[in-house]
Amino acid sequence: MFGYILRRLVSTIPVMFIVALIVFLMLRLTPSDPAAIIAGDNADAQQVEMIRQQLGLDKPIFVQLFVWLKSILSGDLGESFFFKKTVTSLIADRIEPTLALAAFTLVIAVSVAVPLGVFAAMRRGSLLDRLVMGFSVMGFSVPAFVIGYALIYIFAIKLQWLPVQGYSRIANGIEPWVRSLVLPSLTLAVIYIALIARMTRTSLLEVLGEDYIRTAYSRGLTPLQVLTRHALPNAAVPIVTVIGLGVALLIGGVVVTESVFAIPGIGRLTVDAVLARDYPTIQAIILLFSFVYVMINLIIDVSYTLLDPRIRY
Amino acid sequence: MSDRAQTQTFGALAKLRLPPAAREPAIVIPAIILGILALIAILAPWLGTIDPALLDPTQRNKLPGFVGQITLPDGAKAPYTFHMGTDNLGRDIYSRVVYGARVSLIIGALVAIVATAFGLAIGMVAGYVRWSDGLIMRIMDGLMAIPPILLAIALVSLSRAGLVAVIVAIAIPEIPRVVRLVRSIVLSIREEPYVEAAVTAGTPTPILLFRHVLPNCIAPLIVQATFVAASAILVESILSFLGVGIPPEVPSWGNIMSAGRQYFRIFPHNMLYPGICIAVTVLCVNILGDALRDRLDPKLRKRV
Chain A
0 MFGYILRRLV STIPVMFIVA LIVFLMLRLT PSDPAAIIAG DNADAQQVEM
50 IRQQLGLDKP IFVQLFVWLK SILSGDLGES FFFKKTVTSL IADRIEPTLA
100 LAAFTLVIAV SVAVPLGVFA AMRRGSLLDR LVMGFSVMGF SVPAFVIGYA
150 LIYIFAIKLQ WLPVQGYSRI ANGIEPWVRS LVLPSLTLAV IYIALIARMT
200 RTSLLEVLGE DYIRTAYSRG LTPLQVLTRH ALPNAAVPIV TVIGLGVALL
250 IGGVVVTESV FAIPGIGRLT VDAVLARDYP TIQAIILLFS FVYVMINLII
300 DVSYTLLDPR IRY
Chain B
0 MSDRAQTQTF GALAKLRLPP AAREPAIVIP AIILGILALI AILAPWLGTI
50 DPALLDPTQR NKLPGFVGQI TLPDGAKAPY TFHMGTDNLG RDIYSRVVYG
100 ARVSLIIGAL VAIVATAFGL AIGMVAGYVR WSDGLIMRIM DGLMAIPPIL
150 LAIALVSLSR AGLVAVIVAI AIPEIPRVVR LVRSIVLSIR EEPYVEAAVT
200 AGTPTPILLF RHVLPNCIAP LIVQATFVAA SAILVESILS FLGVGIPPEV
250 PSWGNIMSAG RQYFRIFPHN MLYPGICIAV TVLCVNILGD ALRDRLDPKL
300 RKRV
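Chains as they are written, first to last, in numbering that gives the first Met the number 0: chain A, 0 to 312; chain B, 0 to 303.
These aren't lab readings, by the way, just hints derived from the structure by calculation.
Please note that the accuracy of each hint is not assured.
Computed, partial: chain A to chain B, Cβ under 8 Å [unchecked claim]: (1) Tyr148; (2) Val255; (3) Thr269; (4) Leu274; (5) Phe288; (6) Val293.
Taking CB as the label site, the calculated pair distances span [stated by the list, open to error]: (7) A:Glu205 - B:Ser158: 42 to 52 Å; (8) A:Leu306 - B:Ser158: 37 to 47 Å; (9) A:Thr221 - B:Arg260: 44 to 54 Å; (10) A:Lys83 - B:Ser158: 37 to 47 Å; (11) A:Asn41 - B:Arg159: 13 to 23 Å; (12) A:Arg228 - B:Gln261: 21 to 31 Å; (13) A:Phe290 - B:Ser158: 39 to 49 Å.
For clarity, every value in this text was computed on a predicted model and none was experimentally measured.
The beta-carbon is built from N, C-alpha and C at its ideal position, and this holds for glycine as well.
With the hints as extra help, turn the sequences into a complete structure.
Structure follows, in structure tokens:
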């Protein structure tokens, strides 16, 4: 088991290296010159050249790559062109809202989607099943910002139950914090619910056709007992897998949702950095999010052994 | 809809002896709606629209149904009903929404073509040229580890925003999924007896790929291309909405919504119409994709 975790950890190194390489090359192959951007519009050629030397941009590309990788591994993500701060401190300032939003969304999505998928599978072909499947296709088709503005219009402007936009830090009290996160996390949860409910239904339908389910029923177990003891545990692996893969959707959604709700998190930072062509920050955010995504899926891979005793490594 | 009702409703269609796919409501209905949208996009100048980029400061933020005046090209004034109101710069939202169909459909179609073409080529090489497989697939793994929207946003930031840049930026994150699909098909087909027979008969590799491998990829690729198109339309609207997509004066549904954000509290209609358009279009493409998958390739779901 420990050996397996170690092997999986090692196997993420080439993936992360490729990600770093893609990010590095992407920004080096651009037509725009980072030194000219930092120097500003009024700088003369000499000043630009000086900044180029300071940043090491005059060195061969392999040397630059090596220097860059070395500094990332030591935790130094560089300095933001635009915000004039280290990228690390920039991200640290912005991480709380994003983490809170992601956590709320995850909780809402899983606690809504799994029961929906279960009901749909148990009553296959029923009206509820059709509604759940219909909702699922809708969830994939309506962009998060459309859902976000619809929710703002109904719950914040018309009914005035919740704040329209903005984020209240957890340090300013729990209640405003929760209230500021309800609409954003609902918005973000829609596509995630669609994904998880669909997979729960598919996976459970497959399991419900197995012989041991019929056996369980014939032993006189109630549908609830069959579900919780026999069906769900066997259907769990694909469901958990799709929760992990859905994190990619979640990350994309964070960028959109934080913009809609004016939440000062990493998603909003991404858009600001792109608009300002702040390449060190863009690089760092892509690396960070990809790392989180890869690590979450690593943890989920490892969790299979807990969910399914048949899987051993 | 029950099966019987379906047969009744589409009994007339069934009598036309169309191919089986053309009798299925889940294929026919979205296809018809998308066809209408395509017609709207093509016929945009003749649908009672005015120049979608025309600014009129005197007619800013008007509600849907407002009857105002427009200046005709010959300088004469004419009354004009703003069916969907105007935005904060006085542009006609109806015209912008109608022209916006062009952007969305072009992006959906072109990204699907570009991503499938590159994915097909790379996937066939990875699946057939053994030594390249490891290298190509590691690069694809790396690309897939970057959340797609994030990658698209970052790619857009690299060059000046324009239609081509946006198409490339949306297509690149889609390519790895196509590559994986094609590679898995190629790997299973190369073991088939008829392929081995062709190899024994001395068929050159390019002809072998073209004649035996490619036809097997077409059905799953059509399905995959549909989903790519749906996702491309969504991502384009997101990029435009965030202000990093195609230039804001170009009427795209995402751009209209982006312009409407500021005055959303007072004038929600700016967001309503383009929002509905995006949702309906993507929904149709997704339903079409689901139905095509069930029809053309029931095993695809497991393979991807």
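Return the status of the interface hint for Val255 (chain A): holds when the least beta-carbon distance to chain B is below 8 Å, violated otherwise.
With a closest approach of 6 Å, the Val255 (chain A) hint holds.
Min Cβ distance, Tyr148 (chain A) to chain B: is it shorter than 8 Å?
Tyr148 (chain A) check passes; min Cβ-Cβ to chain B is 5 Å, inside 8 Å.
Could you check if Val293 (chain A) really has its C-beta closer than 8 Å to a C-beta on chain B?
Given a least distance of 5 Å, the restraint on Val293 (chain A) holds.
Satisfaction of the Thr269 (chain A) interface hint, Cβ to chain B closer than 8 Å:
6 Å, holds
Starting from the hint 44 to 54 Å, judge whether the C-beta atoms of Thr221 (chain A) and Arg260 (chain B) obey it.
52 Å, holds
Pairwise beta carbon distance, Phe290 (chain A) to Ser158 (chain B), judged against the given window 39 to 49 Å
26 Å, violated
Tell me if the beta carbons of Asn41 (chain A) and Arg159 (chain B) are separated by a distance inside 13 to 23 Å.
Because 22 Å falls inside the window, the suggested range holds.
Range hint compliance [Cβ, Leu306 (chain A) to Ser158 (chain B), 37 to 47 Å]:
45 Å, holds
A range of 21 to 31 Å was offered for this pair. Does it hold for the Cβ distance of Arg228 (chain A) and Gln261 (chain B)?
Roughly 55 Å apart at Cβ, these two residues miss the hinted range, so it is violated.
Does Leu274 (chain A) pass the interface hint, meaning its C-beta sits closer than 8 Å to a C-beta of chain B?
6 Å, holds
Using the beta carbons of Lys83 (chain A) and Ser158 (chain B), state whether their distance is inside 37 to 47 Å or not.
Roughly 25 Å apart at Cβ, these two residues miss the hinted range, so it is violated.
Should the interface hint for Phe288 (chain A) be scored as holding, given a Cβ-Cβ cut-off of 8 Å against chain B?
6 Å, holds
In terms of the numbered hints stated before, the structure departs from hints 10, 12, 13, listed from lowest to highest.
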